[in-house]
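Peer 1: Chain residues, written in single-letter form:
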Amino acid sequence: MPRVAILREESVPLDERALIARILDGDRVAGRQLYEAHAARVHRLVYRLCGDAELAQDFTQDTFVRAFDQLNRFRGEAAFGTWIHRIAVTVTLNGMRKVKRIRERETTLDDGPGFGAVSQRADPDLRSQIAAAIDALPEGSRMTLIMHDIEGYTHAEIAESLGIAEGTSKSRLFEARGRLRQALAAFVRE
Amino acid sequence: MKEDELDERTREALRGYRVPPSPPLDAMWQQIEERHFGAPVVSLTDRASSRPRRRRALGPPSWSALIAGIAAALIIGVAVGRMSRGIAPVIADNGREGQYDYWTANAEPYRQATTEYLGQTVALLTALPAAARDGQPDARFVTQASDLLTTTRLLLDSPAADSDPRLKSLLEDLELVLAQLSRLPSEHGGPELNLITQALEQRDVVPRVRAAAASISSDD
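Residue numbers (our numbering), protein chains in the order written: chain D, 865 to 1054; chain S, 2 to 221.
A few of these clues could be false.
Pairs of lysine to aspartate or glutamate, DMTMM-like flavour, derived with a Cα cap of 25 Å [unchecked claim]:
| id | chain 1 | residue 1 | chain 2 | residue 2 |
| --- | --- | --- | --- | --- |
| 1 | D | K962 | D | D933 |
| 2 | S | K169 | D | E918 |
| 3 | D | K1034 | D | D989 |
| 4 | D | K1034 | S | E13 |
| 5 | D | K964 | D | D916 |
| 6 | D | K962 | D | E918 |
| 7 | S | K169 | S | E109 |
| 8 | D | K962 | S | E173 |
| 9 | D | K964 | D | E1039 |
| 10 | D | K1034 | S | E109 |
| 11 | D | K962 | D | D989 |
| 12 | D | K1034 | S | D165 |
Calculated directly from the structure, the hints in this document are not laboratory data. In this text the structure is predicted, and so the values were computed from the model without any measurement.
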């Protein structure tokens, strides 16, 4: 599968330490530059995780606000990209749990589908089946599959972002792929 | 379906899982800027068609006023520089004894003004594709381009451009683009805006402006 180095910056080389120092001094131009260097990738990951355009915007905004607010705690031990992606994952997970709780309460009466659910029976198309199978994965396995197989993160980057061991990331990916294969077994028999 | 074929189609389907839409970077930045830094300085995407995500606590300072301030600062800077050159030349310690190096001696104010100007130009240019999609630039957009054009010409006439050929070349490109934008007709300007947007993409103007801003900032 083609891999994309998500956390490596390939565009404008920025002296991020200098930018961070300027942001800490209240320099909004520096803030915009740092934002522009990372926003598209953060938004892409957040959207893949939550699947909702408006939520992805909100979570991306929350991610950067939280990162800027906590910038004085950024030690520079990891790349800024890794650090902000970890914040993005945390913000998105917490946000999705909150939204899920609200939507579950709202849909109790009409018994509609849950957050992010895709009906497997309604559409036999492979793409829909895969989307449904991914949505049905346990949260940790789903995030690992999205980050590794779709967004191209390495296991080291996933481990750093999710706060887990690299071995855990590998086993979650193995589990996710196994479940996908099970879900798609019917296509092999056809 | 065979397993190999299924694997291939599965990979394709995975790539198509929740394909993200193009992120509204400017609109998101407005909210981030407001929440972290306070009221935003630039509100280019505050258009009737944009989705108001949150109310602003304070009205943003007007873009025109900001540009006028920078332009005024540059005019004053250039004037003061020229006056001081005539009255009391500054000899910079650049290893060439007796040679006048105005830029080295007076770089900081120009560097700050240039950085701010480039940041605002990026903001304007990144809003272009959205404006082109809307089909018609609004009057404020044209006014902002006109204000930035004034600043561009002031910078071109300043030691900042004289001392840096790359910056001068960039400013000359921007002068052309901003001159075109500032002359957009108030009606039926959509096709022209599309052409300008395409030309910008072909010449990689926005990445060059960003790189220049980053380079100047890192010299601080």
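Peer 1: Next step is simple, just say for each hint if it's right about the structure.
Peer 2: Taking the hints in turn, this is what the structure says about them:
Distance hint between K962(D) and D933(D) is fulfilled; the C-alpha atoms sit about 22 Å from each other, no more than 25 Å. Taking the CA atoms of K169(S) and E918(D), the gap is about 41 Å. The hint is violated against a cut of 25 Å. Distance restraint check for K1034(D) and D989(D): the Cα-Cα separation of roughly 29 Å exceeds the 25 Å cut-off, and the hinted pair is therefore not satisfied. For the given pair, K1034(D) sits about 22 Å from E13(S) by alpha-carbon distance, which is consistent with the 25 Å threshold.
A C-alpha spacing of about 12 Å is found between K964(D) and D916(D), which places the hinted pair at or below 25 Å, so the restraint holds. For the hint pairing K962(D) with E918(D), the CA-to-CA distance comes to about 15 Å; that is within 25 Å, so the pair holds. Straight-line distance between C-alpha atoms of K169(S) and E109(S) comes to about 17 Å, which keeps the hinted pair within the 25 Å bound. Simply put, K962(D) and E173(S) have alpha-carbon atoms about 51 Å apart, too far for the 25 Å limit, and the pair is violated.
Only pairs whose Cα atoms come within 25 Å are accepted, and K964(D) paired with E1039(D) is accepted, the gap being roughly 24 Å. With a C-alpha separation of about 51 Å, the suggested pair K1034(D) and E109(S) falls outside the 25 Å cut-off, and the hint is violated. For the suggested pair K962(D) and D989(D), the alpha carbons sit about 31 Å apart, so the restraint of at most 25 Å is broken. The straight-line distance between the Cα atoms of K1034(D) and D165(S) is roughly 51 Å, outside the 25 Å bound, and the hint therefore fails.
In this structure, the earlier hints numbered 2, 3, 8, 10, 11 and 12 are contradicted, and the remaining ones agree with it.
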